[in-house]
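Engineer: Listed here are the chains, written in short residue letters.
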Amino acid sequence: MSEVSTGTGLHTEDMTLNVGPQHPSTHGVLRFVVKTDGEVINEAIPDVGYLHRSIEKIGEKCTWHGYVPYTDRADYLAAMFANQGFCMAAERLGNVEVPPRGEYCRVIACELNRVASHLIAVGTFGQDIGAITPFLHALRERESINDLMEEICGARLTYNYLRIGGVGYDIKPETCGRIAAFLDHFEPIVDEYNRLLSNNKIFIERLANVAVISKEDALQYNLVGPNLRASGVQWDIRRDIPYSVYPELDFEVPVGQGERGTQGDSYDRYYVRIRELLESCRILRQCLDKMPDGPALAKVARKFKPPAGETYVRIEAPRGDMGYYVVSDGSEYPYRVRIRTGSFTAMSIIDKISPGIMVADLIALIASLDVDAPEIDR
Amino acid sequence: MTAKEIYERVRELCPDGVGGFDEEVPEPFFKVEPARIQEVCKALRDDDALKFHVLSDLTAVDLPKENVIQVVYHLYSYDSRQQIVVKVDVDRDAARIATVEDVWKVANWFEREVFDLFGVLFEGHSDLRRILLPEDWVGYPLRKDFVEQEEYDGISTERAPLVPENLR
Amino acid sequence: MESTIQDLIQALIQALLPGAIPVSVGYALAAILVAFAVLSAFVAPLAGVTSWLERRVWARMQSRVGPNRVGPQGILQWLADGVKNIQKEDIIPASADRKLFLLAPYIVFAGFIGAFVVIPFGSWLIPADLNIGILYLLAITSLAVVGILMAGWSSNNKWSLLGGMRSAAQIVSYEIPAGLSVLTVIFLSGTLSMQGIIQAQGWAPQDWFIFYNPFTLVAFFMFFTSALAEGNRTPFDIPEAESELVAGYVTEYSGMRFLFFFFAEWGNLYVIGAITTTLFLGGWQIPATIFGVTMAEHPVAKGVLEFTVFFAKSYLWVLVAMWIRGTLPRVRVDQLMAMCWKYMVPIAFVCLFGTIVLLVIWPDGNPALSLATLGFTVLVIVYFMWRVAYQIMHSRPELYLKPYV
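Residue numbers (the numbering used here), protein chains in the order written: chain A, 1 to 378; chain B, 379 to 546; chain C, 547 to 951.
Okay, chain A solo, but in the shape it has when bound (with noise of 0.2 Å):
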């Protein structure tokens, strides 16, 4: 404890708060150590490794078929990206073509995925500034999409669907039918949100000029996804490195305008999401349209045995950049697995940001930054 001077005589001790790893706005199990003058934050260190699972070690003792389950759990609010990122790193090093359908399967899996990352992000701020009504609203769309997902693969949380070289299960023409209707009931209800949360004066009184990160913060604590995005970086990988069909697709990527006060601060970051989901709900719309016929699995050998190599693959997940180092050195195993994840970044700048702001502002910013235990800990 330091001793702090008031200037009056009158001397004061900060406070050591400890907030987790069972806290309920901790999104998981996080820990922040916080130093506090009363209300207001000197300090807050952020303690993560709680939920560390060691998925890349597990990475060196599985086949490369045999890892995409694991890749689910790196981060089971987005799993279909993690799985993606994988197969598609698989892919680069053994030169495996996907089918374009498989292609066009993996776009709307993903799309579905990040809509619903996308409105637990949202729910669980409107939670945490206090307001559950629309968690559950949130909550109740994305039951839908779980009925999607179970529909497009069996599963509803840890998706395992994608495979190296496609994906597992083709999408009927009637889950397209039923996805479409998805999205016309869909994209009225994110006015509902807007209605209910973005334009109501106490939310942006909450939000709007509170834990501002500034363009060069945000590059050089790597910021990325739409946090990046809320701080005045136009950046998005499916635009700016495409990879899969994004090339064909017609999109745009939200940028913080500064809203409701200065560019990228909370109100931006939990904007751009909105915004976000209406472009996921675009591109599902030309998926479903110009879905080509053909398999939707390439045929790969059963013991795939890539050559030796290394590969760096980007791909756009909820939480911003997901990069998947895979190294390979010809075996039935990969050599190495590295998954690089948004959240990681994400909650190494909270030390930065943190000082001055008050304990509910921490908060905010937590949620703001939509970071994700075992995205954090892998």
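Hints are computed from structural coordinates only; laboratory data are not their basis.
Warning: the hint list may mix true and false statements.
Said to hold, decoys possible - Calculated pairs, DSS-like style, for lysine-lysine (alpha carbon to alpha carbon, straight line, at most 27 Å):
| no. | chain 1 | residue 1 | chain 2 | residue 2 |
| --- | --- | --- | --- | --- |
| 1 | B | K382 | B | K465 |
| 2 | C | K888 | A | K201 |
| 3 | A | K352 | B | K429 |
Knowing the structure of chain A, use the given hints to seat chains B and C on it.
Structural biologist: Then chains B and C, alone, in the frame of chain A:
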């Protein structure tokens, strides 16, 4: 700007300790001497032609055959949309390398992770503690010769089989 | 039947205990007995049913079902919760200040129960019509803050302490706009007695103090907002903000003691509604004649009707509080203070002085002004209802996409 040109430019800026350029792989890389890494990284970030403002990833690969741990830096430039990979071979038995924390802030946590899992010491790092594993963990799990401790804090790390042997 | 409950008790004592014990002792015993009966027969079910209703109403707003298993529509859920909580272990943290920790829930509870002494449910249905009724009410409801602060301090938990401190700052601050708004009404009625305030109003809306003049209309909102803040309700529930302070001052409590805090909170919700009704909405006032029947000739029917009117009016505000809780996020602690001191206190002062000025101009009120205020309010409500109807008509039905179920 191709990877080749980036490499040439870096060689121009820091003539010593840069070499081992490989263009044939999907992500071209070049190698840097451990002592020179800070200098090279600063050049990569600050040079107007390069502008690698972002450290995308910092990780390591254990190569016991060559007796090195390869620290890998993935750099990206949002301005010129360039990627370059920088690799540094450090000795496995005395793994030490200079930190790049003051070049890119994010390296702080990345280096802690590499220290935690590979045991590479980053000299000059402000806060080199284990990040994912408990502070009292023995060994560096992502090294290929890592042997799991039989027990941790008096708890066996071996799990009893869920199904009795004769039923399996 | 124009007697109060006190007279009834007095008659009862004299009939049952002719001179065996001093009348004062008998009176005290009888009062305790009556208080116990009222507590278990009216206050406890009221708080319990309010808790159940809040969960159901809230669930409807959130596309959920809510508790519907215990009893018809789950109405007995509160009993089940109570039984469960009584069975739970009463954990007292080793490092807690034991005495204060044990005492705190009772103080909060006493502050809430004490309020029922002066709540007028009917023209004679009031436990005690104190001549300083409203002053007593302001004082006794503030007792809760002492209990909350005690709970926060004695738990020896930093979250509890933060919650207790927030609560103390919040309740003490919001006493001021609440008190000023109450003062506005006291100026109009000229009395502090709860019955006196109601008798100064009429049964018709334009005779209510809320529509007395535009200033009282604003004072009403000031009062209701401050009352929500004093009752720790959303959007002012920062002392127990579950996403920030885990559970605030109740973090370390378990079992029945935990329940006492929430019992008091839900009961307080009704108290807030009752005070609002008394001060601004004409209380139990009903017309002297309904369909040609003179109510004074039917005392029982009159009593029932008065009680029903009062209960319905006050429960309306309980529902409004639930609705607010289901809609709004929570404000930050500095914003809460800023709102109180920078906006609500000045506005409440303006209302007070405006009312005084109008009282000087029209000492007996101005019916035209009252009607105009009423008309304006009705217009606002109609516009709002129209908006709601529009939204309901254009809302999306729930999507059902379960092909395999």
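Engineer: If a hint holds in the structure, say so; if it does not, say that too.
Structural biologist: The hints, checked one at a time:
1. B:K382 to B:K465: Roughly 15 Å separates the two Cα atoms, so the pair holds.
2. C:K888 to A:K201: holds, 17 Å
3. A:K352 to B:K429: holds, 23 Å
Hint compliance for this structure: every hint is met.
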